[in-house]
Amino acid sequence: MTALLSVDSLCKRFGDVDAAKDVSFVLDSEEILALVGESGSGKTTVGRLIAGLENKDSGEVRFQGHLLPMTYGQKDFLRWGREIQMIFQNPLGALNPFFSAADVLAEALRFARSGKAMKRSELSSGTDFWLDAVGLQSSHRNRLPHQLSGGQRQRLVIARALCMEPRLIVCDEPVSALDVSIQAQILDLLRRLRKERGVSLLFITHDLNVVRQFADRVLVMYRGACVEEGATGDLFSNPQHDYTRHLLETCPVPAYQEPPA
Amino acid sequence: MSLLSIRNLKVTLRTPQGPVYPVQGADIEVAEGKTRCLVGESGCGKSLSMLAVMGLLPAGASIEAEQMHFAGQDLRTLTAKTYRRLRGPGMGLIFQDAMAAFNPVLRIGDQLAEAYRTHRGGSRRVAWQKAVHWLDRVGILQPEDKARYFPHEFSGGMLQRAMIAMTLITQPRLVIADEPTTALDVSVQAQILALLRDLQRSEGVGLILITHDLGVVAEMADDVSVLYAGKTIEEAPAKVFFDRLSHPYSQGLKACTPNWRAGPRPVEPIPGLPPPLNQRHQGCAFRYRCAKAMQICDQLPQMQPVGERHRVACWLTQRDQEITNAQTGEQP
Ligand SMILES: Nc1ncnc2c1ncn2[C@@H]1O[C@H](COP(=O)(O)OP(=O)(O)OP(=O)(O)O)[C@@H](O)[C@H]1O
Ligand SMILES: Nc1ncnc2c1ncn2[C@@H]1O[C@H](COP(=O)(O)OP(=O)(O)OP(=O)(O)O)[C@@H](O)[C@H]1O
Ligand code: SF4
Ligand SMILES: [Mg+2]
Ligand SMILES: [Mg+2]
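Chains as they are written, first to last, in our numbering: chain P, 1 to 261; chain Y, 1001 to 1332.
Heads up, some of the hints might be wrong.
[What the hints assert, rightly or not] With a straight-line cut-off of 25 Å between C-alpha atoms, the simulated PhoX-like cross-links for lysine-lysine are:
| id | chain 1 | residue 1 | chain 2 | residue 2 |
| --- | --- | --- | --- | --- |
| 1 | P | 56 | Y | 1146 |
| 2 | P | 56 | P | 21 |
| 3 | Y | 1146 | P | 21 |
| 4 | Y | 1292 | Y | 1254 |
| 5 | Y | 1254 | Y | 1034 |
| 6 | P | 56 | P | 75 |
Calculated directly from the structure, the hints in this document are not laboratory data.
Next up, chain Y with everything else stripped away, as it sits in the complex (with noise of 0.2 Å):
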C-alpha cells in the first residue's frame, strides 16, 4: 500500500531578490516496508522536497500539489498543531546536517529521552534507557558512557549516528533519510543500512533515502527517482535504474560515478550548470546541457511511463518509445 504519494510538488521560497522556485514537479511515491532512493546533483530541490513533506519549510515559503498524501490523510489541509503530532510516531527526517539538529549544551541521551517523552511519554528513566537502547542499536560502543557525552565531544560519524537514533527513537512509520550515511565508514555504514533494513521488515516502515552514492542505492532501493533543477524526471525500480536508464541526465550522473574495482579511471564530471531557479521551467530544464537536445525540448516534458513503474520525462525517450509502439503494433 501506497505511504506516501506526492504528486506535482511545487515550492516557493521568498528572498529579497526575488522568488525562487527549487521544487518545480517533484514526484514521490513509497510504499509501506520499501524504499525508494532519491538521487540528483546538489541544489536540485531534494532536502526542500522532504522539508516540504515533512510541514517544516522556512517562513515564508509556499506549497502547490496535486496529491499530497500520507497515510490515508492529505497533508495539505493539516494545521500545524496536527502536523507536530503526525511528526515523531508518523514521519520522522534523519537530517542532512547532523550537528544542526543537536543543541550543543544539552547532553546526546538527555536530547534522545526528551525527543521520545514528547511523543511516547513515559517517566525520565524509561525514556534515558531508550535513549542508551537506540545509541546502541546505531554502533555506538559503550552506549551508557557516550549518553553522557556533549555533541562536540562526539566524531562526525557518532554524531551522526546518534542523529539516526533521536529519529528512530520514536519509531516512524515513514523514514526520511537526508544523506544519513555520508560521514561514516563503510563498516558502520553497512550498520546502519542493515538496521534500517531490519526495521523496514519487523515494522513495515517506509524508507525515503537521500543519497548521492550509487553503491547505497544498490544496496537499498527498490525504487529510485532522479531529480533535476526540482523536478523528478526518472523514476525506475532499481534494477532498471542500473541496467538502462533513459533520462541522457540520468545516464551522465551513472557515467560519472568513481568505482574502486574499476581502477584509477578519474570519472568526468558533466559539462554545465543546472539553470537558474528565479525562473520557472519554460522548457526540458537539462537541455542546455543535453547532448541530445531537440528544438522541442524548449517546451516542458511530461513524465510518462514507459515500462512498470517506469517513468521517464524526456522528449528523446517519448520519441523512441513512439516507434517502438509503431513497429510492435501497440497503442501507446
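Same shape as in the complex, but just chain P (with noise of 0.2 Å):
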C-alpha cells in the first residue's frame, strides 16, 4: 500500500533560520499524526509547505503517489486545494472580516464542487449541516468574524476546512483555543470522518493531554528537525530524545498543587 502523504528530506529558510531542516515522514490513510515541538520550531511552516502555502527550497512531498509542485500555482490550488485542507492556527487572520458565517460555508461548499452552480437549498442545508456539526447554532449564521467569540472563530474555520471533503487536513493547533467541553466535541467529529469518510490528520499541537488520546503517532521536531518519531503510546510510555521527555515533564497536571512556597 502506498502511504497517503509521504515527505522527503523537505528543507525550507527563511533568511538564516531553517524553519524546517530535512523534514522526512509518511502519513497513512485514516491515520492521525501528531506535530509537536516547542514554539517556533518549524511545525507550522511544514504544514504550509504541504498545503502549498509556502515555496519549497528542496526535497519532495507526494500525496497519493503524485509529486506536489515545489511553487504553487492557481491551477495547482484548484487541483490539490480540496484534497488538501489546511486549519489555520490564527482563525482572524483566515476569515475575510466581511464574509458571515453562513457567507463563509457557501463560498467553501462552491469551491469544492469546482464552481458548479449549486441550488440555493442545498447550499443552505449543506451550510446548516456543517454549521451544527461544529457545534454552531442557528444563530451565529449571519454574524460576522469579529462578532463571535474566539472559539466560535476557531469552529467555523474548522468547519470550512471539513466542508470540502478533504482527504488530508493539515490542522494548526486547531483545539487550542476551545474549552475542554467543545474540544471533545470536535475531536470526536473528527474522529468520526476518519471512520466514515477515510480522511487523515496532520494535527499540529503542543497539547500533550490532546495528543495522547487523540493521535495514532507522534512526530517531534526540533530546530526545524525531527528528532524523535513513534507511535503515541511507545513515546510517553518511553520517550527516547532528551526534548521529548522535557516536553511531557514540563506538561501541566489538571490536578491541585500545593503552592510553591
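Hey, can you piece these two chains together into the complex? The hints should help.
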C-alpha cells in the first residue's frame, strides 16, 4: 500500500533560520499523526509547505503518489487545494472580515464543487449541516467574524475545512483555543470523519494531553528537524530524545498542587 | 485588598437581529497580587466581560452593573478620556487574538516602543530599549534582531509572546490575560506563567487569567470562577475547585478534561448546547443540559455562599446546604 502522503528531505529557510531541515515522514490514509515541538520549531512551516502555501526550497512531497509542485500556481490550488485542507492557527486572520459565517461556508462548498452551480436549498442545507457539526447555532449564521467569540471563529474555520471533504487535513492548533467540552466534541467529529470518510490528519499541537488520547503516531520537531517519531503509546511510555522527555515533564497536570513556598 | 470588584455585570449588544445578552450576571473579584482564573464554555462571555471592564466594548454595547470598582474608582462613572489614561498603567489586556493586536505593516519593536511612550513618555531610544528588554523577558531569543521583524515573520507562539510583552511594557496594576498561552508549547508556557507570577510577587500585580486549560488553572489560580451562558455560576479557591466543586456544570467541565497521565481515555463532551443569547435567563441557564434539574430550576438561582470564598448559583447545592445546616443545627 502506498502512503497517502510522503514527505522526503523537505527544507525551507527564512533568512538564516532553518524553519524546516530535512524533514521526512509518511502519513497513511485514515491516520492521525501529531506534530509537536516547541514554539518556532517549524511545525506551521511544514504544514504550510505541504498545503502549498509556502514555496519549498528542496525535497519532495508526494500525495497519493503524485509529486506536488515546489511552487504552487493557480491551477495547482484548484487541483490540490480541495484534497489537502489547512485549518489555520490564527482564525481571525484566515477569515474575510466581510463574510458572514454562512457566506464562508457557502463559498467553500461552491469551491469544493469546482464552481459548479448549486441550488440555493442545497447550499443552505450544507451550511446548516456543518455549522451544527461544529456546535455553532443558527443564531451564528449571519455573524461576521468579529461578532463571534474566539472559540466560535475557530470552529467556523474548522467547518470550512471539513465541508470541502478533503482527504488530508493539516490542522494547526485546531483545538487549543477551545474549552474542554467543545474540544472533546471537535475531536469526536474528526475521529468520526476519519472512520466514515477515511480522512487523514496532520495534527499540529503543543497540547500533549490531547495528543495522548487522539493521535496514532507522534512526530517531534526541534529547531526545524524531526528528532523523534513513534506510536503514541510508546512515545509517552518510553520517550527517547531529551527534548521529548522535557516536553512530557513540563506538561501541566489538571489537578490541584500546593503553591510553591 | 480588592483591586477589582465586579458584581452582577450585564452587557447588551445591539444587532440587526435584535438585542443579544452575552453577559448576564458576571461577578469578578481580584485582590492585589492574586490570580483569578476564569473558565467556561466557548461563547459564554469571558472575553466580552473583560472588554467591558477595560471599557473597550464595541459601539452600541451597553453595560449595567451593581458594582464596578477598580482601585477605588467607580468604572461606571469614567469618561472616555480617563478610561484611556487608566488603560496601560492601570489595567492591561492581553488579547485572545495576537494577530489582531498588531499592525501588520509596522515592526514589532516599534509597536512595543509606541505603547511604552504613549503611557510612560521618554525618548524613542529608551522606548526601543524597553521593547527589546520586554521581548527578552517573554523568552524571544535574539530580541534585538527580532524587534525588527514584522508580525508575519513571527511564528504563532512568538507573536503571542510579543503581545504579552506589549501589555506588560506599560506595567499595569491589573493584567487581564485572555487565553495568553493557547498557542505556546509547554516550556514557553511555563516561562510565561513564571513571568506573570514574578510580576505578582514583586509588584503586586493582580491577574485575571482566562483559560480553558485546567492544567494552567492548577498552576496559577488562587481562585477560580466558572461562567456559564454569561453568568458566574460558581467561584471557589483553587483547592476547592479541584477537590469538590458543587455546580453540575463545573463537575461536567472537569470530567471532560484530558490528562495524558491517565492514558488514552477519550473524554466525553457535555451533551447539548448552551441557550441562545437573544433572551434573558428566566431560570437556571444550565437546566436543559443538567441531569439533576428539578422543577424549581425554572427560577433563576442566585449566588449563595457555601464555604469560605466559595459561592454557587444552583438550587441543588442550595438544598443540600440547607439539609446539612438543618442536621448540624446551624442557621443559614
Ligand atoms: N515568513 C517568514 N519570514 C521569516 N521567518 C519566518 C517566516 N515564517 C516563519 N519564520 C520563522 O521560521 C521559524 C519557524 O516558524 P513556524 O511558524 O513554522 O514555527 P511553529 O513551530 O509553528 O511555532 P509556533 O508553535 O510558535 O506556532 C520561526 O523562527 C519563525 O520566526
Ligand atoms: N459584536 C457581536 N455581536 C453579536 N454577538 C456577539 C458579538 N461579539 C460577541 N458576541 C457573542 O457573545 C457571546 C460571548 O462572546 P465572548 O467573546 O465573550 O465569548 P468567550 O467566552 O470569550 O468565548 P471563547 O472561549 O470562544 O473565546 C458569544 O456567543 C458571541 O457569539
Ligand atoms: S439549578 Fe438546577 S438545573 Fe441548574 S445546575 Fe442546579 S440542579 Fe442543575
Ligand atoms: Mg505555528
Ligand atoms: Mg474569548
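Hints versus structure:
Taken as a hint, the residue 56/P and residue 1146/Y pair is honoured in the structure, with Cα atoms around 24 Å apart against an allowance of 25 Å. Simply put, residue 56/P and residue 21/P have alpha-carbon atoms about 11 Å apart, close enough for the 25 Å limit, and the pair holds. In summary, the hint linking residue 1146/Y to residue 21/P is supported, as the alpha carbons are separated by about 21 Å, within the 25 Å threshold. Under the criterion of a C-alpha separation no larger than 25 Å, the hint pairing residue 1292/Y with residue 1254/Y is consistent with the structure, at around 17 Å.
For the proposed pair residue 1254/Y and residue 1034/Y, the alpha carbon gap of about 23 Å is at most 25 Å, so the pair holds. With a C-alpha separation of about 17 Å, the suggested pairing of residue 56/P with residue 75/P holds against the 25 Å cut-off.
When held up to the earlier numbered hints, the structure conflicts with none and fits them all.
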